[in-house]
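Colleague: Make the full structure from the sequences, and use the hints.
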Amino acid sequence: MKLKIKREQVVRFSIFLLLALIAVFFILPYIWMILNSFKSTKEILMSPKNIFPEHFTLDAYIKVLTNSPFFTWFKNSAFITITNTLVILFVSAIVGYVFSKYEFRFKKTLFMIVLATMMVPAQTTMIPSFLLIDKLGLYNTAGALIFPTFVNAFGIYLCKQFCDEIPAEIIESAKLDGAGDITIFFRIVLPMIKPAIGALAIFTFLTYWNDYLNPLIMLSEVKNMTLPLALSFFAQQHTADLAAQMAASALIMIPVTIVFMTFQKYFIKGIAMTGMK
Amino acid sequence: MKNKKFVRIVLIPVFIHMIVFIIMPIVAGLGMSFLDYNPLRSINEFIGFSNFERLLADDNFKIALVNTLVFVIVTVCINIILSLVLAQLINMFKSNKTRSLFRMIFFLPCVAPLVASSVVWGKSIFPTVNGLANMILNALGLSSVNWIGDPSMVMISIIIFTIWADIGYNVILFTAGLDGIPKDYYEAAELDGANGFQKFRYITVPLLGRTFAFVTLMTLISHFQMFAQFSVMILRNGPANSGLVLTSYIYKTAFETKDMGYASAISMVLFIIILGITMVQQKANKVDWEY
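For the record, the sequence lines run as chains A and B. Using numbering that gives the first Met the number 0, read the first sequence as starting at 0 and increasing by one per residue. Using numbering that gives the first Met the number 0, read the second sequence as starting at 0 and increasing by one per residue.
No false leads were mixed into what you were given.
Below, a list of computed lysine to aspartate or glutamate pairs in the EDC-like style, where the Cα atoms sit at most 20 Å apart:
id	chain 1	residue 1	chain 2	residue 2
1	A	K193	A	E164
2	A	K100	A	E164
3	B	K93	B	D178
4	B	K198	B	E186
5	B	K96	B	D178
6	A	K134	B	D258
7	B	K1	A	D163
8	B	K4	A	E171
9	B	K3	A	E171
10	B	K198	A	E7
11	A	K100	A	D163
12	B	K61	B	D258
13	B	K1	A	E168
14	A	K41	A	E53
15	A	K100	A	E171
16	B	K93	B	E186
17	B	K1	A	E164
18	A	K5	B	E189
19	B	K1	A	E102
20	B	K182	A	E7
21	A	K268	A	E164
22	B	K93	A	E7
23	B	K251	B	D35
24	B	K1	A	D176
25	B	K251	A	D133
26	B	K251	B	D57
27	B	K1	A	E171
28	A	K264	B	D178
29	B	K257	B	D57
30	A	K268	B	D178
31	B	K3	A	E102
32	B	K257	A	D133
33	B	K4	A	E102
34	B	K257	A	E220
Note that these hints are calculated values from the structure, not bench results.
Modeller: In structure tokens form, the structure reads like this:
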């Protein structure tokens, strides 16, 4: 018996070591990015063997923040991401609720249509969408990235699955007490599907904060860019300046990483939930 | 419940929105693939199936199609196997702290914008002289690799990068799926003398069925649409178009060459591939495991 426990401990310890090794591989690019962002480009190029900066400098960060409208880009990204997330949460919740708890004609067909849109690749709709946005006069505005996103099939699906679990009696008795449809939605349904809303919030936030393809197509003016597009633009403008590129990348990665680390538990739970349903 | 008015108020705007921003663009895209469409011209001629005939003779399209298939199949296979193994290893720990520590680390690259990671890998990890990858290889006594400069290496480099960037989602989904399998199944199997592999093969795999099907389908669909790394990490589709994929070819044709009719035809091919995979998957997964 004693031997068996020992063997198990050894196995567990070696698994821990193996995972730790892989974990190092996962973190290494971040560490390298941060180390390089504190070097000068000259040092990166001339003494590639330096792991730690020989001459620690903040020049790269100063360059990014003074040579580019970084805060404007940040504001653009924040505005678009927050608006999209809030609208998608509301629309998904109320539509999911309607599909879950109401009876109406063609319900199954309509829901199938919603689900089917999940399989349509962005590349198939992007050319006509671009022409449409251009016709509507929205090209090069935040609206080009906001208006087309309101209806999110995955969000509707997730919310419907959660609404299905709300007992009909709860809603019926609220109805008998004289509560209207809207009141029931806000007072009863919304609080009960909070976990789905949380998971969806994380999902949509990441999607739009990190989106590159749509801004690339819809925005051309530097002052209107969102962070990912702006970074690729900045990298092209400063191709030779490796340190500045690392600093700009770090500035973009660090806010999301901090948010993630803070709400880590909810993130992981939320993501896991999207797969369970 | 019934309330026609409420249902209408909610659903009509939603479906109008879907028609305008999804259904109409699909139909318009299909229509455009039969036109010689250039947004800068006022008259765009109907040319029948010419765009599709052009596809068959277009070497770049063939390269993009083959590259896409190689990228998706290899990346998704490695991704699924590796994330399943990692999830299994993570779940062997009883302490919740250890578990969430590893899950958090593996998920870290998923929160970073793909563009930012592409810049970091393209400019700091993969360069031949001052890149971290070769520094590590050299330190281990191995010779340098021309990661994104050698046509035969480009796809391998992008696959390594993409696995790093995207595996965290699946690790989390699989650890959650594994958690859902009742522990007594394993205990019963142990009593019957099953070894680790047998337990994995005969309990984990079948009982993970639904999560497995969902994760595979979602990973396939998302990988067919990957674009940022092909556009940011490598310059001009890589040497000898070695990094040209359908998504970057569609973008280039539509927005750089402004040949939108032809680009629409290519995008229809991508659409049909994804549709086909989804349908095969749906059929294959009719068998549902309940537990």
